[in-house]
Amino acid sequence: GENVEQHPSTLSVQEGDSAVIKCTYSDSASNYFPWYKQELGKRPQLIIDIRSNVGEKKDQRIAVTLNKTAKHFSLHITETQPEDSAVYFCAASKSGGTSYGKLTFGQGTILTVHP
Amino acid sequence: ETGVTQTPRHLVMGMTNKKSLKCEQHLGHNAMYWYKQSAKKPLELMFVYSLEERVENNSVPSRFSPECPNSSHLFLHLHTLQPEDSALYLCASSQDEKGRAEKLFFGSGTQLSVL
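Heads up: the protein sequence lines correspond to chains G and S, in order.
For this note's numbering, add 58 to where a residue sits in the first sequence, where the first one is 1.
For this note's numbering, add 315 to where a residue sits in the second sequence, where the first one is 1.
Hints may be right or wrong, so weigh each one.
Said to hold, decoys possible - Restraint ranges, calculated between C-beta atoms of paired labels, are given here: (1) G:K129 <-> S:S377: 33 to 39 Å; (2) S:T320 <-> G:P173: 32 to 38 Å; (3) G:V112 <-> S:S335: 26 to 32 Å.
Claimed, not checked - Selected chain G positions facing chain S (Cβ under 7 Å, derived; list incomplete): (4) N89; (5) Y90; (6) R101; (7) N111; (8) K115; (9) F163.
No lab work stands behind these hints, which were simulated from the structure alone.
Note that beta-carbon positions come from the ideal geometry of N, C-alpha and C, so glycine has one too.
Same shape as in the complex, but just chain S:
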């Protein structure tokens, strides 16, 4: 397996559910990202981990909770979401050198629907 893989590809959940999105990168990168992609909106950065340390939390509501146990894995834990949280959630990785967030490799995303 190469590149960035995300599971599940699709997720439907109720507002009271708890679920987790998983991302795994096989590129030897040291930085990982969560982006939210909604229709007719720019890609929105949510979280950045560099060398397993969170370096960016872009004013994301606490119902989204990231976890980065090592440089190859990234999780996004979801609880008590709202319908407006329905979107495509993209994971990405890069080789971070001196604070450079460049040449991101994206996963295929998890299409999330909140009912």
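Chain G with its partners taken away, still in its complex shape:
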């Protein structure tokens, strides 16, 4: 089955700096890659996703890049703010087709943004 590795496990930055979180996946057939943000004591929420036919996607201060050849994808947060502090999870799935797609999650990255 799919295996997703996420790094780093913790990341500490100063407000205004950029943050980058990286994930690698094992199944070359995976074609859908979402990122979820989970603030302390709250539910995970989808913040951005990308499909395998796209190399990069941006939404305001966040962006995701995908390298299918190397089987890795990254989350980039620019101009970080204290409210960006949370646990971020990447995930991968083989979506569509005849088999039911399911999300495999990475271990999570605890991001702390210091004012």
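Since the structure of chain G is provided, determine the placement of chain S on it from the hints.
Same frame as chain G, but now just chain S:
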């Protein structure tokens, strides 16, 4: 009430107890999920229901028994649990199209402690 709601928020039970977790989604989705979130581990998929049919049972012990009476409600029946089952149990829903498990909306979870 909107989104995905889970009850109870917290549950403490002994190993011989029987209890049930409840999840209700108000988003008109047709797929529902149970995930287990333990400290320092990735989110683990337990069960998936699509159109009220169980499509995934991720090698979960029989002491966990899911029930999906309709597309808006999902239960997780618990009996004779072990201390290692203590975790945050998250329910999620999505609009499943052609086997796509994408854009999950999570509930706030039930924090379960097994004594």
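How the hints compare with the structure:
1. Separation of K129 (chain G) from S377 (chain S) is about 35 Å and conforms to the stated range, judged on CB atoms against 33 to 39 Å.
2. For the pair T320 (chain S) and P173 (chain G), the supplied restraint of 32 to 38 Å holds, since their beta-carbon distance comes to about 34 Å.
3. For the pair V112 (chain G) and S335 (chain S), the supplied restraint of 26 to 32 Å is violated, since their beta-carbon distance comes to about 42 Å.
4. A hinted interface residue such as N89 (chain G) counts as satisfied when its beta carbon comes closer than 7 Å to some beta carbon of chain S; here the least separation is about 10 Å, so the hint is violated.
5. A least Cβ separation of about 6 Å between Y90 (chain G) and chain S falls short of the 7 Å threshold, and the interface hint therefore holds.
6. Proximity of R101 (chain G) to chain S holds as hinted, the smallest CB-CB distance being about 4 Å (cut-off 7 Å).
7. Taking 7 Å as the C-beta contact cut-off toward chain S, the hint placing N111 (chain G) at the interface is violated, the least distance being around 14 Å.
8. A cut of 7 Å between beta carbons decides the hint on K115 (chain G): the least distance to chain S is about 14 Å, and the hint is violated.
9. Annotation: interface hint on F163 (chain G) holds; nearest CB of chain S at approximately 4 Å, less than 7 Å.
Checked against the numbered hints listed earlier, the structure breaks hints 3, 4, 7 and 8; every other hint is satisfied.
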